[in-house]
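Using the hints, position chain B against chain A.
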Amino acid sequence: MMNRTHVHCTVNGDEVDLLASDDTSLLDALRDELGLSSVKEGCGTGDCGACSITVDGALNCSCLMFAPEAEGRSIGTVEGIAQGDHLHPLQETFLEGAALQCGICTPGFLVAAKVLLDENPSPTETEIRYALAGNLCRCTGYDKIIHAVQEAAVQLSTSNGASK
Amino acid sequence: MTATEKPSAKYKYIGTRPVRHDGLDKVIGKARFAADLDLTGQLRGVMVRSPHAHAKILSIDTSTAEAMPGVKAVVTGADFPVIDPTDSTHDEAINNIARDEVLYNGHTVAAVAATTIAEARAAAAAVKVEYEVLPAVLSIDESLADGAPIANSTNRTLFTRDTEPSNIASVGPFQRGDVEAGFAAADVVVERTFTTKAVHQGYIEPHACVADVGQDGKATIWASSQGHFAVRSKTAAILGWGTDKIKVTPAEIGGGFGGKTTIYLEPIAVLLSQKAARPVKIVMTREEVLRATGPAPASKIHIKMGATNEGELTTIQGTLHYSNGSAKGYAALTGAMSIASYRFPNLDLMAIGTVDNTPKSAAYRAPSAPQAAFAIETLIDEIANELDMDPIDLRLKNAVVEGDPTAMGAPHPKIGFVETLQAIKDSEHYNSPVPDGVGRGFGTGFWFNIGEQSSATVNLNEDGTATVITGSPDIGGSRASMALMAAEELGLDVHSITPIVADTESVGFTDITEGSRATFATGMAVVNACRELIEQMTQRAAVMRGVDVDQVAWIDGAAIIEGPPSEGAEPLTIKEITGAAKMTGGPLTATASLNAAGAGPSFAAHLADVKVDEETGEVTILRYTAAQDAGTAIHPSYVEGQMQGGSAQGIGWALNEEYIYSGDGVMQNAGFLDYRMPVASDLPMIETIIVEVPNPSHPYGVRGVGETGIVPPIGTLANAIAAATGVRMSELPMSPPNVLKALNEK
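Those protein sequence lines, which keep their order, are chains A and B.
Counting in numbering that gives the first Met the number 0, the first sequence runs from 0 upward without gaps.
Counting in numbering that gives the first Met the number 0, the second sequence runs from 0 upward without gaps.
Next comes chain B alone, as it looks inside the complex:
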């Protein structure tokens, strides 16, 4: 099961696998997620949602609803400040509650708070909204069609001075070298168009929050989010309030995967609470989550690629279309930017983001990279087949190393792509014979990772234990990682350290848990705070021993007084130093804040064995191996967990998941029965190989592992299906009907 058996000789705690600190509450049912909080006098809020994919709101009559039993407050878009479309808050504000125009089926137009959920639902149904239905565009092709209706009248193309509304969100060219010369130098040229549908992040916990506005006009919000400081700033911006008027306390978060980096409920809950002068809880249903919260974008990607007979990739050319849903975004740009794994000397990519009348897309684990990797990894596999080359050898020949350019042109820092490819090449799985009737596929993935701002406070308690306070919501075991790094620094047992995620008033500003950054950036803040504490403790030890601070060294969790051990010069432990703190200057506490630079990109390589039922088109995965460069695995079990979870999500995306719309833009599969995510019986064990090429920009070499794992599976499985059947799938999902159709067209 585990490929790495740590700890290494280098570290005492890092690389071990302690039970996570928040684990006990989660196995006995005590962990409190946002929907688990109830306040005295609490009302329940329910949204009124548009039944149309695109419409003008002519009028909203709330009078009947307001007169219904138990109803204490109703809000509409008119209760919120007008925000100019050029303001960066505009699109998210409008996505929380429509003002004049509804942009997708399920778009919130009003909300009701009542004493019970049943009363709130009844009142929401009684809010009368008069619409003028407008023509809707529901796909990339429809957005781009000549004479297409404008999907969102406030959309202007990003980075332009265009004043006319457009269905184009962004246009981004990426170029280097001379692609025509590259094709002329190529012996093999492959090209194909790939289409993918919108898919949902699929967190099991629906969005939820509780808001309570006090008599002083100050709002307290309990929310499930990937970043409670962002909940504060976004809510403040949408309401036109100061951040000092809002406090956000993070609840446990029941999965996010990027989908909880944005907000949908909090500003509405705050206004309802203010109007009703009572706390308001809003919990989405699953149908609301699927109809109205950000999926990952649909895409249509055309790529043409050339290589020499020796397997040298000479050139890449293509157009990448991504739908941003109902409002502009960066989906296409990040998709093109993620094409960064191979040394194409000549590159010409055009990234075009579109806007349509589907929900505003949101980040999903390495946003936009899986769609692009589906195209790239398929075409490279085709080249390997044509050249009769080993698919890993072909990639090794072209793999980027430190200094090679990404699609944007910036050089890669120190990376471990070659080592990751080699890990699969050396694996028992790769070297085992392919069973009869089975197809084996290989694919890779890349993600940048990011740094951003983090803060940490570390308090040493009077008995020598420690509390590590950060502002990064723990979405996959990061509290354990923080405690492990603090343990390593301080020389304290990991379970003498209590890692907590504090509210917006109890720790310094911290950006969202996104970009695989928590263990990297927030971890670095924890390390810096611990190092400051060690400075303080050596000073205190000097005072306690009556020696010069230069004579005190910090070794293995204790202050060592230089010179021969003599009376009064024994080492001082943390417990002794904290116990005497009152006499030596007061409590020991340290805070560190940073804007982390030097995030380490992470590469992954996956290998799958599949069987394809030629009668039904069903794809069964028999064996799956994932390798990924973690830099350094702080808690290897949770690194494996990220790799396995990302793999499973990628497998679901590849084989089954898709948004299905009716012609008038109503999602037809807004439930877990029909939006079919992988269940345990769909998957094999996911074998993991942790590669460790340390990131030189982090004190322990951390790269961040959260996202890359979702990137390779689609290409990996498409290649495995091609190996099993000879059919190249270029349309997702590779579900039984689609595979069967492709087999029949063979």
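Only chain A is shown next, with the shape it has when bound in the complex:
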């Protein structure tokens, strides 16, 4: 067994410790060590966005990071987006707007869209399309995803970011 490194970080607000070998991706560590199976491997090469997470608030592909790189960082996944029982407006508008079909890409899209809206509360359609261009969806043609993000932006701006 390869030597494993102790990694201490914060995941969805909780402090966690894990052991990971130096060549373990953060994606595999999140899934296999922490059971965060919302983080999906679609490609393993940073091209599909299904493994999107936030690292200190910035959007990242967890397949492109080694687990030890998470040391001391704050990691966010879709499991951390809802506030208790209250879904984030993006989760609501994805559901209401049928912005998912198979659902495998959905966690990554929600993470990426939340980063967008946190930084730019009223993006244009083009800004949304470019912000989500790192996330592949093969089912929807993106139409309903873009609409759902637009609708969530409206809801967030009218409620000043408070939960719906």
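It is possible that some hints are incorrect.
Partial pick of chain B residues on the chain A-facing surface, computed with a CB cut under 10 Å [as the list claims (entries may be wrong)]:
| hint | residue |
| --- | --- |
| 1 | A30 |
| 2 | Q200 |
| 3 | G475 |
| 4 | M642 |
| 5 | I650 |
| 6 | L672 |
The following residues of chain A were derived to be distant from chain B, with all beta-carbon distances above 10 Å [claimed, not checked]:
| hint | residue |
| --- | --- |
| 7 | T9 |
| 8 | E14 |
| 9 | E68 |
From the structure, some residues in chain B lie toward chain A, with a derived Cβ separation under 10 Å [unchecked claim]:
| hint | residue |
| --- | --- |
| 10 | K29 |
| 11 | G254 |
| 12 | F256 |
| 13 | I533 |
| 14 | S636 |
| 15 | F671 |
| 16 | G725 |
| 17 | V726 |
No lab work stands behind these hints: they were computed from the structure.
Note that beta-carbon positions come from the ideal geometry of N, C-alpha and C, so glycine has one too.
Below, chain B without anything else, positioned relative to chain A:
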């Protein structure tokens, strides 16, 4: 955004847009796909794949791998039963694991199970395979060349008694009338050869499964598939086991589009688990998915077509070649059969399927129709240009209606092609002026759809809620459709109904979710089961009220006792009836099974505005509208979703996607960076118009909408590019280098 605002007056639930039942788990990250399942003691399986496109396997030495740390089992083709090449299981068995001959780069030759993925990968790399490299054929032209090497020594041409190996998979002539007379009657004749490359279905979830063989020798498989009963039957056939020895539980499926109607992993995972006496999980990498799972076939199609000055299509003649990849298939036949949208009185088509040393092709949404429609819709557009006719008017003049023949000769049932064409003609998009520098293109598509076998069980729970159990994996919102149809039948709120997809031992046999059949056929089984429950409930109501069953009518979700309302004769709700079930005969449950006939073909018509950068060859889509006949839209949002998703896949196929091979048959773009599928910034909004010409063979008129949407985009975009530039593209993809080349040759 939405063209139809339902519900109609006709229905209470059908045509509404409730939140799908499985949606919450998918937005909070709890939905479990096959790769998300882990069992105690689970091993990880890794395939050993051929580095050659074609080779004889001389020997496989697994001894080094078996001695490596963590390795618990190794299997090769020799561990599987020998299946005769004439057996229908043979090709899929060989595609799962090669025996004597590897047929494409990436073909599995062995597999390893170890305690960690890293150990399994290291051991897989240590399996020593000695090959004798054979010459490979990598394209339709190479397959057909004089003296071409035989790509697959076990291939015999379908429907023949040929005993010699051949690179021909199938030959199918389709004829009616007299094509020469048709050309003689034509004032305009157009012809062209079209070539398309292999493209992948591109589901975001790689193939994955977990298999666990117990002490009793029985295997349990968790799989991502479009049909878990098919996973059971195919795995059983490949292993030579009885189906009673295998149980398959469907995981959530992360996209399929036809590509998960076949299997690649499960028999191997079962044998590894049996050998190791531990559960084994196998998850493909993206590179494995692209190198070794079914793409849609490459094609080469030559079509010649004639029309009169009045725009009447008189004749069509052509040869359609489709590559089936490494083993025989029906690609060319379904391609020719999909030419069914126009009333050609004279028709002579030859469909020829080829075999080569690329991965065995698999179904992809309306399999083989997009390639054929590229040819047909381009040539019809050329005729419209030559005749200076409106392209929709030309199609309206020749559009098939009920009773007109398909390419096979069978008459169309009730169809909505004319209505679909008219929907685009009436659209705001079509009637808006074409902006300067923009090309507008129009194209259509058709797909048969199929019925097949389905089962459903509906249980009424003691509190008046219901569970709808089917065996159709939900690949695009079908659970919501099942619940909506059950709601309509029973008069229950759609969210009082729990639709589930059950394992192979908990619901009756159900064929694959394919051919746009789930909402149609499985939906019909749900409706039949609900109707049986209504019978049961009226009987129970009669018992409860002490009246004759003839005095009980079922109206709006309640049993109504005929006659003036009096003491003891108030309507009985489902909740009251189920609550009293113990006293009136026990639980209320009903099962229905069927082999559905009367699948309703679906037609689509698309309109695109494009801009072509004459310096780079890049095509930008500015506006896109898709119309399609859904029969009846059960959940319009998911009907639109199918239309939009199919459009986007067709757009990717048209503009960017292609398999690129090196001279020795190695895929050069086996990753999402280089196999370039559309991303959000590549596309505009996809406007939808749902046309509803009900299918008379379904209780609610459903046609099935999953596939047709991918058929029109290629022709639509080729026609838009021609309108913008004057250049007719006949080679896919219409990517910047190919468009630039065509512009420079103008």
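* Q200 (chain B) as chain A interface residue, shortest Cβ-Cβ below 10 Å -> Since the shortest Cβ distance to chain A is 8 Å, the answer is holds.
* Taking the shortest Cβ-to-Cβ distance between E68 (chain A) and chain B, state whether it exceeds 10 Å. => About 18 Å separates E68 (chain A) from the closest Cβ of chain B, which puts it past 10 Å; holds.
* To do: Return the status of the interface hint for M642 (chain B): holds when the least beta-carbon distance to chain A is below 10 Å, violated otherwise.
  => holds, 8 Å
* Given K29 (chain B) was flagged as interface, is its beta-carbon under 10 Å from a beta-carbon of chain A? -> Cβ of K29 (chain B) sits 7 Å from chain A, so the hint holds.
* Would the hint on G725 (chain B) stand, with a C-beta cut-off of 10 Å toward chain A? -> violated, 29 Å
* **Supplied contact hint for I533 (chain B), tested at 10 Å Cβ to chain A** => This interface hint is violated because 30 Å lies over the 10 Å limit.
* Given L672 (chain B) as an interface hint, is the shortest Cβ-Cβ distance to chain A below 10 Å? -> holds, 5 Å
* Does the CB of S636 (chain B) sit less than 10 Å away from some CB of chain A? -> holds, 4 Å
* Asked: Is the interface hint for F256 (chain B) satisfied, with its Cβ closer than 10 Å to some Cβ of chain A?
  -> holds, 7 Å
* Asked: Given V726 (chain B) was flagged as interface, is its beta-carbon under 10 Å from a beta-carbon of chain A?
  -> violated, 27 Å
* Asked: For the hint on F671 (chain B), does the least C-beta distance to chain A fall short of 10 Å?
  -> holds, 4 Å
* Hinted contact G254 (chain B) with chain A - closest CB pair below 10 Å -> With a minimum Cβ separation of about 5 Å from chain A (threshold 10 Å), the hint on G254 (chain B) holds.
In summary, the structure is inconsistent with hints 13, 16, 17 from the numbered list given earlier, while agreeing with the others.
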